[in-house]
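J.: Protein chains in written order, with the working numbering: chain A, 1 to 50; chain B, 1001 to 1266.
Think of the hints as simulated: they come from the structure by calculation, not from any bench. Where a beta carbon is used, it is the ideal one built from N, C-alpha and C, also for glycine. It cannot be assumed that every hint is accurate.
[Stated by the list, open to error] Straight-line C-alpha distance at most 30 Å; calculated DSSO-like pairs for lysine-lysine:
#, chain 1, residue 1, chain 2, residue 2
1, B, 1112, A, 46
2, B, 1024, A, 25
3, A, 46, B, 1042
4, A, 46, B, 1115
5, B, 1040, A, 46
6, B, 1109, A, 46
7, B, 1024, A, 46
8, A, 46, B, 1110
9, A, 46, B, 1022
10, B, 1188, B, 1042
11, B, 1182, B, 1124
12, B, 1211, B, 1109
13, B, 1182, B, 1160
14, B, 1043, A, 46
15, B, 1172, B, 1076
[Stated by the list, open to error] Partner residues aside, some chain A positions facing chain B, computed with beta carbon under 7 Å:
#, residue
16, 22
17, 23
18, 36
The primary structure of each chain is shown beneath.
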Amino acid sequence: MIAQEHTKQRIDFSGVNAFWSIADKITNQQVTEADWDNLFSTGYYKFYEN
Amino acid sequence: MMKNNDFNSYIFRQIISTYEDKVKLQAFQKNLVQSNLMTKIKKRAQSFLPVDLNTRTYEPFIYFGVFQPDANASDKGIAVDLKLYFELADPVGLIAHEYHHFLTINYRKKFKDIKDDSTGLIMKSLLQLQLEGIADMIDKERFLNSDGRGFPSVISKNFKNVLANPLPALHKIDSLLVIVSKEPISTKKNSELIFNLLPLGAHPHGFYMAKTIMKAFGKGKLLSTVRNPFDFIRVYNNAYIKLNGTAIFSDHAIAYLSLLETTHAL
Chain A
1 MIAQEHTKQR IDFSGVNAFW SIADKITNQQ VTEADWDNLF STGYYKFYEN
Chain B
1001 MMKNNDFNSY IFRQIISTYE DKVKLQAFQK NLVQSNLMTK IKKRAQSFLP
1051 VDLNTRTYEP FIYFGVFQPD ANASDKGIAV DLKLYFELAD PVGLIAHEYH
1101 HFLTINYRKK FKDIKDDSTG LIMKSLLQLQ LEGIADMIDK ERFLNSDGRG
1151 FPSVISKNFK NVLANPLPAL HKIDSLLVIV SKEPISTKKN SELIFNLLPL
1201 GAHPHGFYMA KTIMKAFGKG KLLSTVRNPF DFIRVYNNAY IKLNGTAIFS
1251 DHAIAYLSLL ETTHAL
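One chain only, chain B, in its complex shape (with noise of 0.2 Å):
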C-alpha cells in the first residue's frame, strides 16, 4: 500500500493523524481564535521589515486548513496546515515568516514576467534566495534548534547540511553566470543549472546570505534589501568582500545580474 519514504503517504498519515487528533486540535483551534494572534505575528516579524511596512496596517488573510505539513504565503494571504501549527516548536514564528513573505511580495520591485524567458530560473532564483532569506532570520534559528519538529525530519537535516557548506554552489552559480553572459545560446540549460544549485527552496542559501549580510553589516543594511532581491545579491557580495577579503559574485556576474534586472524592470 503505502511506502514509508515517500511523500504522499506522509500526506496520508498527516490528514489521518489530523482526524485521529480531532478533539484535541479542536480545542486548540478554539483557543487559537481568541489569542489575539495577529499581533502576535506582526510583533514576531517587525524587526525584520523597514520601517515604513512596520509602521503602517496591512493584514493578510490567513486561512487555516488541512492537507499537508506546510505553510505559504501570496500577495493575498497565507495558508497553513493546522496540525503543523499545533505541533511547531515556534508556530507564530512560521506564520510571522510568511506574513514577512506576504508583506515582500507586495511592496518589493516588481519584474515583468517575459513569454519563454530562458533567464526565467535565473530570476526566480534570485527571488527566492531573498525572500526566503530575509524571512528565515525571523524564525529559522529556533526551527533549527528544534530539528524542525512538524516537518519530515529529513527537512531540517537536508537544511543543516546545506547551510553547513553553502559556498560551493555559490562559486558554481557565479561562474554558471558569466558563461550565460558570454554565451547567450546557453542561457536555458545553465538556468535550470543555477536553479537546481539552490535545493529546499533556496531557504539554506538564503539564510546564509542574509546572515552574512548582518554579520558585516548590521540589520540596518539587510532590511534596505528588502525592496529587491538584486540589492539582496549585491549587499551580500559586498558582505562577503567586507568579511574575507574575496567576493563570491565577479564583477561580470555582478554586471549580468545589474543587466537582467533592467532588462526585466517594469
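Pulled out of the complex, with its shape left as it was, chain A reads as follows (with noise of 0.2 Å):
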C-alpha cells in the first residue's frame, strides 16, 4: 500500500514560496523560462499534473 510508506507528516510549501518568488520577478520584468519550470516542478503543481 501506498499510504503505509508515509511514515512522516510532510507538509510542502515550495509550491507557494516559488509563486512568491515568480510573482515578484513578473512584477519587475524579471522572469525567466528557469523561473517558470521551478513553479512548475513543485509538488503542488506536480500532483495536478496526474
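Dock chain one against chain two, each of which comes alone in its own frame, and use the hints as you go.
T.: Below, the structure is given as C-alpha cells:
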C-alpha cells in the first residue's frame, strides 16, 4: 500500500514559495523560463499533472 | 478582457489577489508551519473513519500552492490552495475531508480499469457518491452554514439547491440502471446520463445518502461502508426503506449493481 510508505508528516510549501518568487519577478519584469520550470516542478503543481 | 462569470477570470482574480495579500498570507503560512496541522486534521477526520484506519499512522504529503480555490486528494497526497485555506470558515475541515479521501482511496476495495468500458461512468458515479458522501460528513455542515466562504458563491448555492431535493435524480438513476440491465446496447449513453444526474462531483447526493444512513442505522453502519462503495449504495437503500417503507433503488437495479461489482472485481 502506498499510504503505508508515508511514515512522516510532509507539509510542503515549495509551491507557495515558488509562486511568491515568480510573482515578484513578473512584477519587476525579470521572470525567466527557469523560474517557470522551478514553479511547475514543485509538489503542488506536479500533483495536478497526474 | 475578462468576463465576470467566467471561471478562468475567477482564477486570474484569485492569483492576483493572492499576490496582493502576500504579506498577510506569508505571516499566515509561517504560523501554519508551527500549527501541528496533521494532528488537528486526524482528530477531525477520525470520527468518520473505521477504527483500524484511525489507530495506525498513515500520513499523506500535503502540498500548499497557488492556483485556484480548490483542494484535492490522491492515493499519494493532498493539494490545497493557500488563499482558499486562509479564507475558509473551516479550513481544518477541508483538509480533514481530503485526508479522508486519501485513506479511502488507498484502502477501499479496488476495481478493474476495463478498456473502453461502457459502464465506466456508472462506476465513477458510484465511487464518487461514496467517496464524497462520507467525507462530506466531516465538513459540509460548516461549509454550508458559512455559505461556502472562500469558494465561488455559486457552489454553496447549487449545493443547497440539490441537497434540498435529491430524490428525483436518484429515482431517475434507478430507472436508467434497469434500462441498462435490460438493454446492454444502451449502456454507454445511459452511463453518461447517470453521471450527469450527479452535479458538483456527486457531493450533494452523496452527502444526503450518508446522512440518511446515519439517521436510519447510526454511524457504525455508515463507517462499515468506507471500504466498499457498493455497500454504501446498498446500505443507503436499506436505510431509505427503513425510514420510508419503500426503496429508491429497485431489486432489479440493485442486482445490476451487484453484477457490476462482480465484473469489476480484482
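J.: Confirm or reject each hint.
T.: For each hint, the structure was consulted:
no.: 1; hint: 1112(B) - 46(A); verdict: holds, 25 Å
no.: 2; hint: 1024(B) - 25(A); verdict: holds, 19 Å
no.: 3; hint: 46(A) - 1042(B); verdict: holds, 25 Å
no.: 4; hint: 46(A) - 1115(B); verdict: holds, 26 Å
no.: 5; hint: 1040(B) - 46(A); verdict: holds, 26 Å
no.: 6; hint: 1109(B) - 46(A); verdict: holds, 26 Å
no.: 7; hint: 1024(B) - 46(A); verdict: holds, 26 Å
no.: 8; hint: 46(A) - 1110(B); verdict: holds, 24 Å
no.: 9; hint: 46(A) - 1022(B); verdict: holds, 23 Å
no.: 10; hint: 1188(B) - 1042(B); verdict: violated, 40 Å
no.: 11; hint: 1182(B) - 1124(B); verdict: holds, 21 Å
no.: 12; hint: 1211(B) - 1109(B); verdict: holds, 22 Å
no.: 13; hint: 1182(B) - 1160(B); verdict: violated, 35 Å
no.: 14; hint: 1043(B) - 46(A); verdict: holds, 28 Å
no.: 15; hint: 1172(B) - 1076(B); verdict: violated, 35 Å
no.: 16; hint: 22; verdict: violated, 10 Å
no.: 17; hint: 23; verdict: holds, 5 Å
no.: 18; hint: 36; verdict: violated, 14 Å
Going down the numbered hints, you'll see the structure goes against 10, 13, 15, 16, 18, while the others check out.
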